[in-house]
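Visitor: From just these sequences and the hints, can you work out the full model?
Protein sequence lines correspond, in order, to chains B and X.
Using my numbering, you'd call the opening residue of the first sequence number 1 and step up by one each time.
Using my numbering, you'd call the opening residue of the second sequence number 1 and step up by one each time.
Honestly, the hints are just simulated from the structure, not real lab data.
Incorrect hints may appear among the rest.
[As the list claims (entries may be wrong)] Some but not every residue of chain B turned toward chain X, in silico, with C-beta under 7 Å: (1) Pro-50; (2) Arg-51; (3) Leu-67; (4) Gln-176; (5) Thr-177; (6) Glu-186; (7) Ile-198; (8) Arg-223; (9) Val-226.
Idealized CB from N, CA, C, for every residue including glycine.
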Amino acid sequence: MNGHLLSATFVELTDTMVADFDIIDFLHVLTSRSVELLNVSAAGLLLADPRGELRVVAASSEAARLLELFQLQSDQGPCLDCFRSGRPVAATDLSADPRWSQFAAAAGQAGFFAVQALPMRLRDQVIGALNLFRDTVGPFDTEVEHVGQALADVATISLLHDRSMRRTDTLNEQLQTALNSRVVIEQAKGKLAERLGIDVNQAFTLLRDQARNRNQRLSDLARAFVEGTQDMTGPVGGSAGTSRSRTRQPRTGPRPAP
Amino acid sequence: MWGLVAEQAAVRGGRVSAADVCAAVVPGAAVTGAWLSAAFDGQAGHLMQVTDEVGRRLADLQLTFGEGPLLDASASGGPVLASDLADGDSGARWPAFAPAACRAGAAAVFAFPLVVGAIRAGVLGLYRDRPGPLSDFQLGDALVFADTATMLLLDAQDRAAAGAGPGDGPGGQPAGLASRRAEIDQATGMLTEQLGVSITNAFVRLRAYAYVNDLQLSDVAGDIVARRLRLVPDPDLSLGDEA
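Guide: Right, dumping it as C-alpha cells:
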C-alpha cells in the first residue's frame, strides 16, 4: 500500500470535515479514495434505513449501473450479511460462491468477481457497510481490510458531525437527512443530464465541481438547481472529466446566486 | 400498515387520504396525537388534519413563534426527533416553542418532512404526553406512514389541479411507494426539463404515465434515463405551475 497516498487521504478527509461540509460530497470522496488506496475497482457505501432496508448513499462512480448493483444488496448480498452480522464479509470468487446467486450474477455481468463488505459500527449498533468490488478473483489482504475498516469508521464519524453524539435521535436525523439529500442529488443529476445531453455520471461531476467553485454545499446547489432558484452552466475546459477533487475550503459566508 | 390507513378511511366513509394517515399513525407509532400540514407551491403551513386539541395547539405555537421541530424538519428535509422537550437540547433549539409546548401538554415531539428529494408535500407531526424516544421499530413505522402520507398528498394535489390523478396502484395504494431506485429520481429530474414543469409535477406525470400505460414505475424511469422514452408537454392537462 502507498503510504504517502494513505496519509494524504486522511489529511484530505479530515480537512473536508469542516463545520458546514456536505455529507454526500464527503462520502463520494471517501469511496473514490478507497478505490485508489485499496486497489479495488469500485466502492460504495450503504446505510441502513429504519424502514428496514439498505440504501446507497455514495459510490466511487455515479454510473447508474453501479448504483443499481450496490442497491441490489438490500435484498441479498455481502453488504446485507455484513450489516446483519456486524462483521466483515468477503467473497474471493463470486462465480463459485453459493451464498448470493442473484447478486453474484449481476456483479459478474458488471465485471466484478470478488467483493468485501466492512461494517460501519457505532458502539453496539451497525448503521451500514462499506462495500468493495474487484474485477479479479482472489483474497483481499489483511492490510486492505484494516485500512478499509478505518475508512468505514471515518464514514460513520462523519454522519455524526452536527450535534452531540450521545443522542440516538441525532444519528437518525442525520441518516434520514443524508438519504433525502441523496434523492435531491439524483433529481439534479437527471435534470442536468437532460439539459446538457450528458450522462448522469458526468452530470454528478459537473454538479460537484460547480458546488466547489461556488463554495457551496453540493446538496444545497442540487436543491436550488432542481427548484429553479439557481442555474447551472455547461462544462468549461472539460472540467466534467476531472477525477481528483480539490479539498474544499471552509465556507466563509453565504454567496449570492450568480 | 396500508390496512390501518384504509381502515380509517372506511370509518370516515370516504376515499383514502393523507388525513387517514394522521389518525392511523397514532396507535401505529404509539404516540398521543398527530397533526399534518400540507405544503402548496412550496409554502408549508396549511394545517390539514389534527387528531386532538394538543396537536392543534402545537401547530399554532410553531406559527406564532416561527420556530419548532416541524419548521426545522421542513428546512432540512430530514426528521427532527425531540424525545424530551424539557431537556437542554430542546430548550436551546427552540427557546420559545419548547416551554410553551410543554405547558400545552406535550413532552416529546417528532416531526417528519413529507418529501421526495426536493419535492415537498408537507410535514407530519407526532407528540407524546410523556418523554421518551421512538423505538427503532416505531421510527421505521412512522417513516413508512410519512411515505404514505407524502404519496397521498401528491395525488390529492394533482387531482385538485387537473381533475384527474395518477389514481391508485395495486391494492389501492398510491403508485410509487415501494420503489426506491435512483433511476426514478433521475427520471423525475429529466422530466422537469422535457416537460418544463416543477419537480413535483414531473413526479406526478411520471407516475401518471406508468399508471395509464399499466407499466412499472421503475421500468418507465429506466426507459427515460436510457433515453428510449420521452414525454411531451400535455397542452390539455393544466398542472399547477404550467397554467
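Visitor: Evaluate each hint against the coordinates.
Guide: How the hints compare with the structure:
1. Checking B:Pro-50 against chain X by beta carbon gives a least distance of about 4 Å; that is within 7 Å, so the hint holds.
2. Taking 7 Å as the C-beta contact cut-off toward chain X, the hint placing B:Arg-51 at the interface holds, the least distance being around 5 Å.
3. For B:Leu-67, the suggested interface contact is upheld, since its CB lies about 5 Å from the closest CB of chain X, less than 7 Å.
4. A distance limit of 7 Å between C-beta atoms decides the matter here; for B:Gln-176 the minimum to chain X is near 4 Å, and the interface restraint holds.
5. A distance limit of 7 Å between C-beta atoms decides the matter here; for B:Thr-177 the minimum to chain X is near 3 Å, and the interface restraint holds.
6. At about 3 Å, the closest approach between the beta carbon of B:Glu-186 and any beta carbon in chain X falls short of 7 Å, and the interface hint on this residue holds.
7. Given hint, B:Ile-198 at the interface with chain X, is violated; its Cβ is 11 Å from that chain's nearest Cβ, farther than 7 Å.
8. The criterion of a C-beta within 7 Å of any C-beta in chain X is met by B:Arg-223, whose closest approach is roughly 5 Å, and the hint holds.
9. Interface hint at B:Val-226: satisfied, since its Cβ lies 4 Å from the closest Cβ of chain X, which is below the 7 Å cut-off.
Of the numbered hints listed earlier, the single one contradicted by the structure is hint 7.
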